[in-house]
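Trainee: Sequence:
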Amino acid sequence: MSDDDEITLGRIETEVALLMRFGEATRRATGTAEHRVLDRAAYVILRHLDTAGPQNVSALAARLNLDGSTVTRQVSALQRDGLIVRAPDPTDGRGTVISPTPAGLQRMAAVQNARTRLYGDMLADWSAEDRTTLATLLGRLNQALVSRSRPR
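Residue numbers (this note's numbering): -5 to 146.
Some hints could be false.
[What the hints assert, rightly or not] Now the in silico label distances, taken between C-beta atoms and shown as ranges:
hint, residue 1, residue 2, range
1, Asp61, Ala23, 28 to 36 Å
2, Asn107, Gly47, 19 to 27 Å
3, Arg74, Asp115, 30 to 38 Å
In case anyone wonders, no lab produced these hints; they're calculated from the structure. All residues carry an ideal CB built from backbone N, CA and C; glycine is no exception.
Sequences and hints are given; from them, build the entire structure.
Mentor: Have a look at this one:
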């Protein structure tokens, strides 16, 4: 690895660490209630279910790269709060699939809209091309993280 590569990778490491820290601090400091109607885990689960449709816990855990017991606890909390429902799995009568309720989708949409407005405000002076590039590069980074963390 060249010195330039090492310097660049060091910058990336620092920027990702700061992104995670500042992102969490921004979430906590934002005064609007919409940001707080769901915790991070609930938001990610509901976003995935909204996109992918009903899932069993195993598929959900695999997609989110989490342990099944962790997802089971999170799903139980979501069910207790009326944000998801369980139904018999149509492909395996022994299991269940999880779907968002209208209340779950409403809360997820409130958080999504609040976050979209926040990023719109923060990136207002960026060009459309820069925002598109950022979205593309973040997608690539997320995919690399998923690929790296999957069992080999």
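Trainee: If a hint holds in the structure, say so; if it doesn't, say that too.
Mentor: Here is what the structure says about each hint:
Remark: the range hint 28 to 36 Å for Asp61 to Ala23 is upheld by a beta-carbon distance near 30 Å. The hinted range of 19 to 27 Å is satisfied by Asn107 and Gly47, whose Cβ atoms lie roughly 22 Å apart. A hinted range of 30 to 38 Å for the beta carbons of Arg74 and Asp115 is consistent with their spacing of about 34 Å.
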